[in-house]
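K.L.:
Protein chains in written order, with our numbering: chain A, 1 to 297; chain B, 1 to 297.
The set of hints was computed from the structure by calculation and includes no laboratory data. On a predicted model such as this, the values are computed, not experimentally measured, just so you know. Among the hints, a few may not be true.
[Said to hold, decoys possible] To list a few chain A residues with every Cβ distance to chain B over 10 angstroms, as calculated:
(1) L41
(2) K51
(3) K58
(4) F113
(5) C167
(6) D170
(7) R179
(8) N204
(9) S206
(10) A207
(11) D209
(12) I222
(13) T280
(14) Q282
(15) T286
(16) D292
[Claimed, not checked] Beta-carbon label-pair distances, calculated as ranges:
(17) A:R240 - B:T128: 42 to 50 angstroms
(18) A:G92 - B:Q239: 14 to 22 angstroms
(19) A:T54 - B:Q239: 52 to 60 angstroms
(20) A:P223 - B:S146: 58 to 66 angstroms
(21) A:S146 - B:G295: 45 to 53 angstroms
[As the list claims (entries may be wrong)] Taking lysine-lysine and the DSS-like style, the derived pairs with C-alpha atoms no more than 27 angstroms apart in a straight line are:
(22) A:K250 - A:K213
(23) A:K269 - B:K197
(24) B:K226 - A:K197
(25) B:K197 - A:K197
(26) A:K213 - B:K213
The beta-carbon is built from N, C-alpha and C at its ideal position, and this holds for glycine as well.
Protein chains: 2
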Amino acid sequence: MKLHIVGGGSIGLLIAASAAERGDDVTIHVRREEQAEALTLRGVTLIDERKNETYSVKATTSFHSNDDALFVIALTGPALFHMKDLLKRYIGDRPVLFIQNGVRHVDWARQSFPNAHFASVEHGAVRTADTIVEHRGHGQVMTVPSEHESFKRLFERHQTSRLAIRCVNDRTIDAILWRKAVINCAINPLTALLRIKNGELLTNRSAYDLMEKVYTEIITSIPNLKPIVQWDDIVNVCQRTATNESSMLKDVVAGRVTEADFIVLPILKRGAERNETMPTLQTCYTLLCAVDERGMM
Amino acid sequence: MKLHIVGGGSIGLLIAASAAERGDDVTIHVRREEQAEALTLRGVTLIDERKNETYSVKATTSFHSNDDALFVIALTGPALFHMKDLLKRYIGDRPVLFIQNGVRHVDWARQSFPNAHFASVEHGAVRTADTIVEHRGHGQVMTVPSEHESFKRLFERHQTSRLAIRCVNDRTIDAILWRKAVINCAINPLTALLRIKNGELLTNRSAYDLMEKVYTEIITSIPNLKPIVQWDDIVNVCQRTATNESSMLKDVVAGRVTEADFIVLPILKRGAERNETMPTLQTCYTLLCAVDERGMM
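Let the hints inform the model, and build the full structure from the sequences given.
P.N.:
Take a look at the structure:
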């Protein structure tokens, strides 16, 4: 089947390689001409603990085809919103699967694409070069079943593939997305502001206090998140990813705009709808906005 | 007259040079043997817009003399607290003038030294080398009149010197110290956490919002600070010092412990005594503690 993957980052390349591994016809849409040429010329190399394998893919910086492909949007939140008019025009009513952190894009995407679907990715992946992705910490792609033929085929074909697509119900995917957002809210802003790895949130006493405060603010303000994500879950993620730099820290170090608007803002808004403030999280969010603003100057 | 200055930073060297300029017999107590040797060998050089002048001083890393000198403590808060037992033992009941940011040291110093006095320095000074200080933005040294003979002589001798010591009443010096603490609370933590110069607090919208929020939290929680420091005062300091890096930013960049405990903590505590919280300032403070903790690891 034809798959158009928008985004040449770690998740985009992981999905591209995994789909090509299963024989799908894959086109990757990337921003830089340099990466498009490299991918077309050399293919995408997938590295895991057992093997290095290279798969041939097409790659392009332009949007022009009118085929009946299925789209997978593997862009970060800021990149997605930067491209939203172009994507809307280009994709139209073709089926499209959104894979983003946070929940900010969901309402917009539902309104803009008649055939929009959403997934949450648990896989660990690191892009180590323009054409190389390392698959670390295997996981699942969680999504909701669909009556649409393309989604059905994709989900079936990749149930047993490396991607391990698993269909869950609407409530579950909602819980998964919010759970991930809460965990990201507790971990990412602090690692980015303090420029520390995830594990240091457990060993630096003041950082630990702040992380606990952020978690408490969230579940106090939005009590239906409490059964979805416990304090221990956050500690476990910090432990499991102790030596990782969070995506937000990487963004800050590289001078890129962070995903604060996609991860933190929806949580603050959900609280504000209930007239609740989360002052610690709010302060961290505004500090990140200041960092983002500084990066743009 | 004999003056022992503890601290070889910008303010210590400025006072040492200014006093030597007036013919005082100056000994500077410094931490590093290297700086002590350089100061003893080459003297201290004072640079201002009109001239470079070098004055000979004594400098030492040890505390041993028993003369009837007057002490000036020109250490940062963290350095002062690091040395507090040594200073108490060495200075005893000899007269001592404390020049620190913030107000955290005042109660301790009053209890520990029968002849303690306090001053606030407005001068701008930058130590550009171990033996060189630049005097920028001339100002005054504000303090409270004293019946003690040594203080009287110091204050009289330096009323018309470069130091421009000016005596004000107790209430005024209190207001001056708290005013400076509020201004520092609004400016320093944000510049340090965001790694920006003072002027960027006015041009970065999110940083500006945070600064305004910190100011509002302080004067709402401690209303008697409102007449002492207005919002315009803070904006004016940012404008006047636009290209400066705050001392806290310099500390963070250099991996030194910041003065957060001396500038921010007393304001938070004063609020807590009135059952008021200042969540934005508190979050910035805890983030700085995390940075300090990280620096110590």
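K.L.:
Run every hint past the structure and note whether it holds.
P.N.:
So, going through the hints one by one against the coordinates:
1. L41: holds, 40 angstroms
2. K51: The claim stands: K51 (chain A) keeps its Cβ more than 10 angstroms from every Cβ of chain B (closest is about 39 angstroms).
3. K58: holds, 41 angstroms
4. F113: The claim holds: F113 (chain A) sits with its nearest Cβ about 31 angstroms from chain B, beyond 10 angstroms.
5. C167: C167 (chain A) is indeed farther than 10 angstroms from all Cβ atoms of chain B, at 40 angstroms.
6. D170: Answer for D170 (chain A): holds, closest chain B Cβ roughly 35 angstroms.
7. R179: holds, 24 angstroms
8. N204: violated, 5 angstroms
9. S206: At roughly 4 angstroms from the nearest Cβ of chain B, S206 (chain A) sits no farther out than 10 angstroms, so the non-interface label is violated.
10. A207: Contrary to the label, A207 (chain A) does not stay out of reach of chain B, its closest Cβ about 4 angstroms off (not over 10 angstroms).
11. D209: violated, 6 angstroms
12. I222: holds, 18 angstroms
13. T280: violated, 5 angstroms
14. Q282: violated, 8 angstroms
15. T286: Violated, since 5 angstroms does not exceed 10 angstroms.
16. D292: violated, 8 angstroms
17. A:R240 - B:T128: 42 to 50 angstroms: holds, 48 angstroms
18. A:G92 - B:Q239: 14 to 22 angstroms: Taking Cβ atoms as reference, G92 (chain A) and Q239 (chain B) lie about 52 angstroms apart, which means the hint is violated.
19. A:T54 - B:Q239: 52 to 60 angstroms: About 58 angstroms separates the Cβ atoms of T54 (chain A) and Q239 (chain B), which means 52 to 60 angstroms holds.
20. A:P223 - B:S146: 58 to 66 angstroms: holds, 60 angstroms
21. A:S146 - B:G295: 45 to 53 angstroms: holds, 52 angstroms
22. A:K250 - A:K213: holds, 24 angstroms
23. A:K269 - B:K197: Distance ~31 angstroms between K269 (chain A) and K197 (chain B) Cα, so the pair is violated.
24. B:K226 - A:K197: Violated: K226 (chain B) and K197 (chain A) sit about 40 angstroms apart, past 27 angstroms.
25. B:K197 - A:K197: It holds: about 26 angstroms lies between the C-alpha atoms, which stays within 27 angstroms.
26. A:K213 - B:K213: Distance ~20 angstroms between K213 (chain A) and K213 (chain B) Cα, so the pair holds.
The structure shown violates the earlier hints numbered 8, 9, 10, 11, 13, 14, 15, 16, 18, 23 and 24.
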